[in-house]
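Engineer: What follows is each chain in one-letter form.
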Amino acid sequence: MVYSKSIDENTSFYKKYLNADYFKLFIQIVLGILAILPLGSAIVYVLRFKLQYKVRNLKEIRKTYRELTKSRQPILICPNHLTMIDSVILVWAFGSMSWYFFNYRKLTWNVPAVENFKNTRLRSIITYLSKCIPVDRKGSKEHHDHVLWRTIYLMKRLQVFTYFPEGGRSRTARIDTENIRYGVGKLAAEIPNLKVICVYMRGDGQKDYSEIPQKGETLNISFKVIYPKTEYTGLRAHRDLSTQIIMTLKDMEDEYFASHQSGQ
Amino acid sequence: MSEKEIFDKVVKILGPYVRNEAGLKDIEHKTNIVTDLQVNSSRLVDIILAMEDEFDIEIADEEADKVETVGAAVNLIKGKIG
Chain U
1 MVYSKSIDEN TSFYKKYLNA DYFKLFIQIV LGILAILPLG SAIVYVLRFK LQYKVRNLKE
61 IRKTYRELTK SRQPILICPN HLTMIDSVIL VWAFGSMSWY FFNYRKLTWN VPAVENFKNT
121 RLRSIITYLS KCIPVDRKGS KEHHDHVLWR TIYLMKRLQV FTYFPEGGRS RTARIDTENI
181 RYGVGKLAAE IPNLKVICVY MRGDGQKDYS EIPQKGETLN ISFKVIYPKT EYTGLRAHRD
241 LSTQIIMTLK DMEDEYFASH QSGQ
Chain G
1 MSEKEIFDKV VKILGPYVRN EAGLKDIEHK TNIVTDLQVN SSRLVDIILA MEDEFDIEIA
61 DEEADKVETV GAAVNLIKGK IG
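From first to last, the protein sequence lines stand for chains U and G. If you read the first sequence in my numbering, its first letter stands for residue 1, the second for the next number, and so on. If you read the second sequence in my numbering, its first letter stands for residue 1, the second for the next number, and so on.
Fair warning: there could be bad hints in the mix.
Below, a list of computed lysine-lysine pairs in the PhoX-like style, where the Cα atoms sit at most 20 Å apart [as the list claims (entries may be wrong)]: (1) U:K250 x U:K224; (2) G:K4 x G:K25; (3) U:K106 x U:K70; (4) G:K66 x U:K141; (5) G:K25 x U:K138; (6) U:K156 x U:K24.
Covered stretches of chain U, going by a simulated chain G footprint (3 or more residues, C-beta under 8 Å) [said to hold, decoys possible]: (7) 176 to 182; (8) 225 to 237.
Simulated from the structure, these hints should not be mistaken for laboratory data. Treat the numbers as computed from the prediction; the structure is a model and nothing was measured. We put the beta carbon where it would ideally sit given N, CA and C, even for glycine.
So here's chain G without its partners, still in its complex pose (with noise of 0.2 Å):
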């Protein structure tokens, strides 16, 4: 899977949490999914969750961790998926 497929599907993730819509328009790989996209830090359980499911990884809780940006997103993935 290229990088820009797994991108394409942490958007579309990413969008149902999102209340910043605008935010979405503008997405690249550096937009911090807390304060930039105004996901609520609650729901980052459920993106990391929704993650493992749709490419089938598993995604450890220090992982997780790290995960504040589309691009970390997308490079955590890429890294299990190889």
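Here chain U stands alone, though its shape is the one from the complex (with noise of 0.2 Å):
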């Protein structure tokens, strides 16, 4: 469903989930600390020497990450959404796991649809230990605000979130600025002082969307950020902060085409 009330943490709603909701999180945050070194580095395994993926300036984007991040204020990362590990791919980018052990709170939680990974046992231990909230596409309107709220309740707390604006892969390829989801802007406007991390990746060979890059692709990664305003309230509000992002990452995948174009 696409309607929610809005988040009150005084709510009894709110108290019943979240209380319960507490320890539990507490729990996954400890757990995906302990296994971060050893489940981290065999994810980077597969990606580096398996897939061979390459990022082109790691370092630099590293570096942009870490100062990014820096600022203590609730962080949410909007890329687009090509394949079916853009979240991971992420994660690896963006820092090392003995960093992420160090600086846990900067891995990034994630909200995947529960469909992609409840087939294997492994697969859910895997995503449970990843910092992964799942969502039901097709379920209920509670189940629905209990996502969302326990997002706002960790990003309140400083958690980094990636949420990815369109709401799926692009079918197109490119950034649908006609069919635009307003979800990420229902986020943006419980959440004050927002500072959103617009992020485009797109492999030298991502022709259309897939399930993973092809073998040996070198992906590039650019950074926007951007503090969504807006002076609207309600589902106006949810449209034009979501709209403020997508066209954001609309601009990225202009630039990234005309410089690629350009042979830069």
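The two chains are supplied separately, each in an independent frame; assemble them into the complex guided by the hints.
Structural biologist: Take a look at the structure:
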């Protein structure tokens, strides 16, 4: 469902869920920290050596990410979405596993669709240990509210989150400005002083959306920071804020293609 | 404004978002906007905002959440414009 009541931490609904959630999230974070070095290293091994991915200017990207996440304020990462492992690649690109171990709050949470990993126990365990809050896209309004409220709860406590504002992989392989989804705008409306780090990632050979980038792919990543603001309220605010984020990604995409066509 | 006029305007607003064109021909009060007309649920926000603009009304999030059928939209608007 699309709509939700506005978020108020004093409501009984909020308290009911988050009081129960607090301990679960705490345990998830503790187990995640313990698992980050072995699990993270195994994932990086697969990305680097099995799939032979490379990130262009990796050191520079990690330095930029460290700078961008220094400030102690809610941070939302909004990438474009072309493959099913975009969030995994971004985590690898943004920092080493040893850095995450000491800066665990900066390892981003993700909200993956439950159908993408519930089919095997191993995937479920990996996603649990990788700061994921699964969402059932066909779930009830209450379920969607619950996920949203957990997200806001964690973000207000300075946990970095990744949300794909397009809602799914782009079927046109370009940022779709005609079918903007407003979930990310709702999130932005609920969190004052939100810093949004828009991220555009695309492999040299990525012509269409896919499950994973092709083997040996070299990935390009760029950042742009915005602080979305709106004079509207309610649904109009959600639309306005989402549009600001999507249009920023669209500008980044235009810059990407302009620079790649000119051979830069 | 009569209920028929409201209904016609609502149908006009829905038009650009409808993927099941055949559903528009048989549209009635009980027609479900998402399942019968195959409107993308993400576009419901645009439809609600278009209704606000067209009828010069304000629709709260909780009210919008209950707009599942064409009739629900018409009744909501009718109640607001009196």
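Engineer: Please go over all the hints and tell whether each is borne out by the structure.
Structural biologist: Hints, verified against the model:
{"no.": "1", "hint": "U:K250 x U:K224", "result": "holds (11 Å)"}
{"no.": "2", "hint": "G:K4 x G:K25", "result": "holds (16 Å)"}
{"no.": "3", "hint": "U:K106 x U:K70", "result": "holds (9 Å)"}
{"no.": "4", "hint": "G:K66 x U:K141", "result": "holds (12 Å)"}
{"no.": "5", "hint": "G:K25 x U:K138", "result": "violated (28 Å)"}
{"no.": "6", "hint": "U:K156 x U:K24", "result": "holds (17 Å)"}
{"no.": "7", "hint": "176 to 182", "result": "holds (count 4)"}
{"no.": "8", "hint": "225 to 237", "result": "holds (count 3)"}
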